[in-house]
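Chain by chain, the residues:
Number of protein chains: 4
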Amino acid sequence: MVIVLSSKVKEVTHVLDRIQEAGFTGYQAGPSTVVVPGNDEKLQEIVGALPQVERVVPIKSPYPLASREFHPENTVINVRGQIIGGSKPVIMAGPCSVESLDNIVEIAQAVKKAGGNVLRGGAFKPRSSPYSFQGHGEEGLKMMAIAREKTGLPIISEVMEPDKVALVAEYVDILQIGARNMQNYPLLRAAGKSGKPVMLKRGLSGTIEEWLMAAEYILAEGNPNVILCERGIRTYETATRNTLDLNAVPVVQHLSHLPIVVDPSHGVGKAQFVRPMARAGIAAGAAGVIVEIHPNPAKAWSDASQTLDFDEFNLMVDDVNRVASALHPELDSARALVHA
Amino acid sequence: MVIVLSSKVKEVTHVLDRIQEAGFTGYQAGPSTVVVPGNDEKLQEIVGALPQVERVVPIKSPYPLASREFHPENTVINVRGQIIGGSKPVIMAGPCSVESLDNIVEIAQAVKKAGGNVLRGGAFKPRSSPYSFQGHGEEGLKMMAIAREKTGLPIISEVMEPDKVALVAEYVDILQIGARNMQNYPLLRAAGKSGKPVMLKRGLSGTIEEWLMAAEYILAEGNPNVILCERGIRTYETATRNTLDLNAVPVVQHLSHLPIVVDPSHGVGKAQFVRPMARAGIAAGAAGVIVEIHPNPAKAWSDASQTLDFDEFNLMVDDVNRVASALHPELDSARALVHA
Amino acid sequence: MVIVLSSKVKEVTHVLDRIQEAGFTGYQAGPSTVVVPGNDEKLQEIVGALPQVERVVPIKSPYPLASREFHPENTVINVRGQIIGGSKPVIMAGPCSVESLDNIVEIAQAVKKAGGNVLRGGAFKPRSSPYSFQGHGEEGLKMMAIAREKTGLPIISEVMEPDKVALVAEYVDILQIGARNMQNYPLLRAAGKSGKPVMLKRGLSGTIEEWLMAAEYILAEGNPNVILCERGIRTYETATRNTLDLNAVPVVQHLSHLPIVVDPSHGVGKAQFVRPMARAGIAAGAAGVIVEIHPNPAKAWSDASQTLDFDEFNLMVDDVNRVASALHPELDSARALVHA
Amino acid sequence: MVIVLSSKVKEVTHVLDRIQEAGFTGYQAGPSTVVVPGNDEKLQEIVGALPQVERVVPIKSPYPLASREFHPENTVINVRGQIIGGSKPVIMAGPCSVESLDNIVEIAQAVKKAGGNVLRGGAFKPRSSPYSFQGHGEEGLKMMAIAREKTGLPIISEVMEPDKVALVAEYVDILQIGARNMQNYPLLRAAGKSGKPVMLKRGLSGTIEEWLMAAEYILAEGNPNVILCERGIRTYETATRNTLDLNAVPVVQHLSHLPIVVDPSHGVGKAQFVRPMARAGIAAGAAGVIVEIHPNPAKAWSDASQTLDFDEFNLMVDDVNRVASALHPELDSARALVHA
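Chains as they are written, first to last, in our numbering: chain Z, 13 to 352; chain R, 13 to 352; chain G, 13 to 352; chain V, 13 to 352.
A pair counts as met if it fits within one copy or between any two copies, since identical chains are not told apart.
Computed cross-link-like contacts, DSSO-like style, restricted to lysine-lysine with a CA-CA straight-line distance of at most 27 Å:
#1 Lys72 with Lys282
#2 Lys311 with Lys54
#3 Lys72 with Lys311
#4 Lys162 with Lys311
#5 Lys205 with Lys176
#6 Lys176 with Lys208
#7 Lys205 with Lys22
#8 Lys20 with Lys205
#9 Lys208 with Lys100
#10 Lys124 with Lys100
#11 Lys162 with Lys208
#12 Lys20 with Lys208
#13 Lys124 with Lys208
#14 Lys154 with Lys208
#15 Lys282 with Lys125
#16 Lys54 with Lys72
Just so you know, the hints here were simulated from the structure itself, not pulled from any lab data.
Looking at chain Z on its own, in the form it has when it is part of the complex:
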């Protein structure tokens, strides 16, 4: 169950104590929320009668805070004025690795010009081999921050270990947790504590339930701003790098209130298939897409084969907007207003 306290309550100790007296364990999740596993009816009665408690929500799912049972309306996240989770699709784009200041600024300007919303870029890179380029680290984040200054676009970048969360959070607007770290619980907790919005990628063999339970680790630290990212699962098929699982989009939206974006670049792994899969992701109902772009993909330092050039990116943005408008006609008029 989730216990929501009155917003006037300053501390939850008293409530936690009563829960413990009743023989249960409560977990504080944010200033006015407490989770108790299970839905014991007696306990519901006890805490429901406390003056500090506003409401008690019994919940069947194993990820109470992430579930729609607890939070029926969609979570909408505002990052420097960009809305993630509304009906207008959010476009996140940028290079796999931040390569140089000029390069990231050039890309950021292309994202901005195409109507994109967020700049992505890798600074701390998880690489299969210890002998591969591991990213520019903090230097890369500084370059991204300058690109943000020049374009106004919020920035997102990956963090790989709990100890680096504070450092990365100093620069980025959204922390990214990569597929390999979906169940890196200390990292999830640290990202939760940072208070920054977090984009949590689905693991290569993560079930939707495990993924939502991983999101619960972040939410349980009192951080409500979690974005899920479907980036392809591992199957037997080798014609694509991974299998972008768009089924996850409506399923997640049924089970959870958290916004979900799709990453067709990693999902299919070949640039020529990114555009149709981006369209399909939006048609499935995704809140947005995240893609890899580069002025000259063939020369990109990593992920060259799945990276769009600027022309392909512009076409993709156009397609994504067409599909979104077809399904949400109100967007068209909004767009007309912007252009007017």
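Given chain Z, work out where chains R, G and V should sit, using these hints.
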């Protein structure tokens, strides 16, 4: 390589003989086509010089007739006036099992009314248990034929064994080969020989290459009218019945000229997710969708949980058309003309 | 439930009629067995009281005849004196494709000499491409029959379509149903009706439950002699051709009374790993192994990379016997007797 | 390539400088080893001529230090006198979670008495839910250390984050890195730097290549004592918790010199199948097994369904020894000596 003979040539024996003399084996595929595995340059020269030969196409892919290398333009199939493979999406719908004459006629009329194009229905049913209802067999096909008479809709139904191909082909407009039989080669050959259009479903663990090679079996019998159907692959994820692999849509379109439709009913296995996945399939570029519908899904004899009722079906058709129009604006004016 | 009739009963019509009168459907499976889906208590009472009925066995599993609930002791099959399903492991070996009479006789003699029990060989071959060698067909079976004559070894070969079951059954001692046909229900029924022992391979993405339900199709035709063969499932791992799933061995033995053999040749797809996986299969409890061997694997017409030469085969047989003896010490003395 | 320096060389700076001058990057891996990605022939010549260099080994595999190309003989690790990687199988056993001092001591004594070699136990537990018991942490490690004192058995326990490596390494003899963290590169580096032997579990969807590249991260820190652990991969099959992939055993042994053990407890997830799969693992060639045991599995705090009781464990040890002796007859006499 594929050897295309002049259309005036009445028999290919002479060409096959010359191929054999050169030490190779040629396979006749239709009245004026011969396939020889590999691309031996000497042989290309020899057959290229024969007066009966119009052109010789060297081909790298293991499925020459199914490949875009051989046939660059899309295959478009006309079934009783319904166009499969054009920019207008084709909607195939109907019950999992044909239950009764009244039932199938009612459903056919609903398909027609919603703007659907083909009536589906199961008469010979592959069932996991020998003790489950195995379909009405020929009686079911007769009911479908009556439904066709009343609505003008062409009909599609599954055939499960080579011996039954002639019988099923007597009734249906399109033969369906199910996922379990994707690599049932005697069945593929028999369906190829029937001359009827064939819809070939992807096997639960069929790779895209294996699937196209299975299509090649049908094409190699001289039957050019093959429709591919993506219906979900088997992965570790259990939140959906299968994992509808929409990535296959652009990949197949890149590799092959054959039209591909998607089956979100089997792909996700839950009615509530069929509509978004149908939209997504069209956005990915599919030539159409095939779905299970029933006036009262809860009472359907099989696949109840993944079956749409008529209202949901109408909403789905509307969504599919919106997405198609957004990506192919010319369709809108065509539709306007129809309605005018 | 399974209804076992007294062995004196000549026909089951009366029993089937009473079942129908009670509102259920009974399926005759052999001369004295009837299956009724479900375990209705009232019906158990009714049929239990019939004089023709010996016993009624309520069964929870979806494959009553294949389940241990119905048949607690192991099924043991005697094929020309070779025992399949006892504690002594059975060794089936031979070429992927039967190539020539000399070749198959040479191989059969090697199998015999090494202490093998059954000669395998492909005559009707399921091939991914319509342009690949499809096997010698009946000629191949004739060659195998001669090899049997010369060595006394029973023979096993694949049948791919219902129409060919009678032909193949004329020659072979065990019908093989391949992985691609695990759910080819008309083929399963035809194999069941043939009365011959049938080895049913697990499909590439067949669950253990689906596999046992496929076996049920054969058993339901009154044919009790089904051997299961684990031959590798399809997973994401590409270091091996398939993933030989040895876990299936103890799981199947827990759920079913049918003997299970393992096929490490297809399971791993590389000759150098066949021997350790054969050993492991026996250690897991398998009733035997089936492997591909050839006097000169590099020149084998198909599956060259996974085929053992005779020396490797001898080492494998030795290993298999060591492991079997370690786990069943009584085998050692039996072997000593044979050699004495 | 791997560059092995003379053991007399005190520092590698000079060699690294020469590599850099030649336009390459060298990575120091331990006191006398340097890795340079690729096998540039010119560079081989240059460094081969340096007086500090003993030999230069060109290597094709992407994990040079883990490959058999570099290190042809098996790695054998001695942990407090227990030999991991020899022909005698090593048995690691213990509870999923350390529960209490009495409990862990009782289990350690059972392991010792059965002839087991290493005590396992979870202190820091990765749990899917943030609201589940997360382990006793350092207290649990202290209890394990006491159990070690009382039995002489070395201990192994999991570490989940780089920051805790020093703490865990203070207590344990072998650091365990769990399946979820196979590609947690900061953790791999930290474990490598600790100098302690590390057991690296394969990720649920880790390919064998990715796994060996993960091991390379540890080796690249100069830590040669890596043990691989196959613990089941994620497939479509739900009859078992995971699919223990024994094929990985011979494949890894072909590609790498590192010892590999198997974990049938997590691999199948059901106690009744642990014993046959442990036997099969040893028959496949594994260096040992790691299993979960508990005096009363039904009351274990976690993983109850896959945990053996002491009697089952004793039977398993006996089976494992029988199989090992059958394949390595020299072990029998060694055992006889011990018992004498």
